[in-house]
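Those sequence lines, one after another, are chains A and B.
Numbered per the working numbering, the first sequence spans residues 4 to 318.
Numbered per the working numbering, the second sequence spans residues 17 to 326.
Think of the hints as simulated: they come from the structure by calculation, not from any bench.
Cβ coordinates follow ideal geometry from the N, Cα and C atoms, glycine included.
Be a bit skeptical, because a hint or two may be false.
[Unchecked claim] Heads up, incomplete: computed chain A residues facing chain B, CB under 7 Å, no partners named:
id, residue
1, Asn95
2, Ile99
3, Gln152
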Amino acid sequence: MSDGAAVRIRDLAKSFGSVRALDGVTLDVPERSIYGLVGPNGAGKTTLFSVVANFLKADAGDVEVLGIDVRRISQLRGRLAILPQDALFQRNVPIIEQLAFFRRLDGKPRAEAEDDARRTLERVGLGSYVARGVHALSHGMVKRLGLAQAFLGEPEVILLDEPTSGLDPQNARQIRDLIREFQARATIMVSSHNLIEVQELCDRVAILDEGHVVAEGLVQDVTREGRRVEFLPPRPLTSEETERLAAIPGFRGLALSPTGGRYVASLDPAFPDGDAAVAGLLRALLDLGLCPRYFADGNSLEEVFLKVTGRRGAK
Amino acid sequence: MSLRDVGRRHLALIAFYSTRYAVRGGTGLVFLLLVLVLGLFAANLLISRVEQLKLSAGGDEAAKERLDDVVRVAKPLVEWAVGGREDLPVTAAQAREGRDPWATYLLQKRPALLSAILLGLLFGLPLVLASGAFNQYSGDVSTRGIRFVLLRTERANIYFGRFLGMAVFAALAVGLVLAIVVAYLGFALPFYTWGELLGWGATGFAALVLLSLPYIALCGWISAAIDSQFGSFAVCGLVVGGIPLFGAIGGLLPHYGKYARYLHYLLPWGVQNRLLHFEAGQVALAALACLGYTAVFLALGYRHFSRRDL
Chain A
4 MSDGAAVRIR DLAKSFGSVR ALDGVTLDVP ERSIYGLVGP NGAGKTTLFS
54 VVANFLKADA GDVEVLGIDV RRISQLRGRL AILPQDALFQ RNVPIIEQLA
104 FFRRLDGKPR AEAEDDARRT LERVGLGSYV ARGVHALSHG MVKRLGLAQA
154 FLGEPEVILL DEPTSGLDPQ NARQIRDLIR EFQARATIMV SSHNLIEVQE
204 LCDRVAILDE GHVVAEGLVQ DVTREGRRVE FLPPRPLTSE ETERLAAIPG
254 FRGLALSPTG GRYVASLDPA FPDGDAAVAG LLRALLDLGL CPRYFADGNS
304 LEEVFLKVTG RRGAK
Chain B
17 MSLRDVGRRH LALIAFYSTR YAVRGGTGLV FLLLVLVLGL FAANLLISRV
67 EQLKLSAGGD EAAKERLDDV VRVAKPLVEW AVGGREDLPV TAAQAREGRD
117 PWATYLLQKR PALLSAILLG LLFGLPLVLA SGAFNQYSGD VSTRGIRFVL
167 LRTERANIYF GRFLGMAVFA ALAVGLVLAI VVAYLGFALP FYTWGELLGW
217 GATGFAALVL LSLPYIALCG WISAAIDSQF GSFAVCGLVV GGIPLFGAIG
267 GLLPHYGKYA RYLHYLLPWG VQNRLLHFEA GQVALAALAC LGYTAVFLAL
317 GYRHFSRRDL
């Protein structure tokens with residue numbers, strides 16, 4: 004691998020009959036990063052993961068994981084793991100037996116495989132369910148079991164296809180914490196519909212729409228496209244205060260947001276130092292004795308998402 | 017990805033676990049039950065008639081003298097299975113006397129009852145195999161559960177490991193049935209020696225195991241090509257059972273009937289009974305044919321499985 008990319012995708016295309024699921028997708032996932040993949044339903048996220056894992060054969064293009072072409076997937080054994088979306092475990096087999104089987108395929112003897120499986124299950128909070136079958140687990144537990152199989156062993160690249168979908172906030176939080184833990188030793192690609200989660204969790208993000216990458220980069224860069232500041236003062240601004248804030252260099256004006264009494268100040272793209280402008284706005288607010296209850300710099304990922312996907316993917 | 021990627025350890029692990037999961041999931045148990053029902057039903061049909069003869073003869077000693085009656089019980093099934101074969105040599109004298117050397121061998125030189133039971137199993141086993149081997153891949157492909165192992169081993173190991181697991185499980189099931197039948201014949205009916213029964217039983221076991229291979233491979237191919245379990249089950253049943261059925265129906269046609277029997281050769285139906293033939297050459301040819309069918313079905317199935325989206 005030449006450029007520190009754990010996953011390298013070039014001009015990837017995949018069709019199902021007349022439907023083009025992926026069309027010329029190109030992206031690099033840096034090592035030891037958490038890379039978010041977002042997009043409306045049917046955008047191609049799961050297809051992309053499936054091609055990277057070689058479950059699906061690409062029609063065109065190249066995918067390399069850790070410098071190895073995924074068509075030679077056997078060379079990645081033990082180094083690449085995936086939480087496939089909607090894949091079902093054996094219903095009537097104890098979960099520890101299923102995970103121990105996977106570990107034995109990695110070359111571990113039976114006792115060691117069972118120890119590893121038990122440890123990983125404990126790590127995802129399923130330590131007291133090891134002898135149960137999947138039928139005895141809740142939806143959240145099955146999701147955690149899927150994560151356990153993905154984290155099993157020492158994978159260097161982990162693909163997580165919607166790891167928190169359908170989970171309650173507490174479970175989702177635990178899973179995000181687990182993912183962060185693993186970032187220290189693995190590159191993680193996460194697809195999700197939860198844009199706030201992706202914004203919070205990921206270093207980089209790609210937005211897929213109809214099989215195309217429509218935005219890609221560091222999360223803060225992507226969300227700073229058309230940069231703006233949104234803030235909520237402790238009380239409504241007077242017209243005098245509004246005029247004063249609107250006159251701060253670097254902004255194109257100040258407008259009351261349609262919801263919740265928030266104000267939105269859009270940065271002038273021609274202004275050379277956006278950060279100085281934002282700092283100036285915050286200082287001015289404090290000088291007015293207005294400590295904002297909420298202050299956000301940049302677009303939310305959701306706004307960028309809606310913009311680049313033509314507002315078709317609204318949740 | 018090629019056959020060079022096949023690893024013995026992974027093959028054994030996948031064979032073991034897939035069979036274990038099949039049993040726990042139910043399809044393996046159903047298959048085992050069907051094999052037991054088929055074998056014991058076929059055995060019971062014949063043995064119960066012989067037991068009636070024994071009673072009417074007034075005891076074990078008298079029954080020994082009435083071995084001809086036992087042969088008479090087995091004869092219809094044996095002659096139906098091996099008789100009337102235009103492609104096998106029967107001399108004019110034999111034909112005149114109604115004496116087919118193959119039937120004679122099975123009825124006179126081998127334990128007749130066991131021969132009849134084995135022929136019954138040779139006929140019924142392919143149909144039972146279709147209901148046991150249809151789910152080698154389709155279920156896990158449809159639930160995507162197969163994806164959990166795809167990154168951990170080669171597709172070749174998955175494909176051949178599951179075939180191997182099914183073949184070993186089928187052999188164990190057939191072995192269990194034959195062990196019960198041979199033990200019962202040995203203990204309950206004083207017509208044959210243990211040596212005769214065990215020897216012919218072992219031959220029959222080998223024949224049934226050989227026969228099971230091509231059908232398991234065929235069902236594997238179908239299972240690898242059809243994601244739906246029900247679809248795979250239906251197609252396996254239709255192909256395995258349909259070919260002899262269409263062959264038989266085609267045989268009734270006025271002009272082309274004689275060609276219909278060649279339909280049987282699409283699958284081992286055309287050769288499988290010769291696994292119990294009196295000539296070693298015929299047995300060897302039948303065995304080779306079974307292995308040949310197996311190789312072809314395995315190759316076609318693996319080719320599809322290794323290239324398809326999973």
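Status of the hints after comparison with the structure:
For Asn95(A), the suggested interface contact is upheld, since its CB lies about 5 Å from the closest CB of chain B, less than 7 Å. With its C-beta approaching chain B no nearer than about 13 Å, Ile99(A) sits outside the 7 Å limit, and its interface hint is violated. Contact between Gln152(A) and chain B, as hinted, is supported at the beta carbon level, the nearest pair being about 6 Å apart and thus within 7 Å.
Hint check: a violation occurs at hint 2 only; the rest are consistent with the structure.
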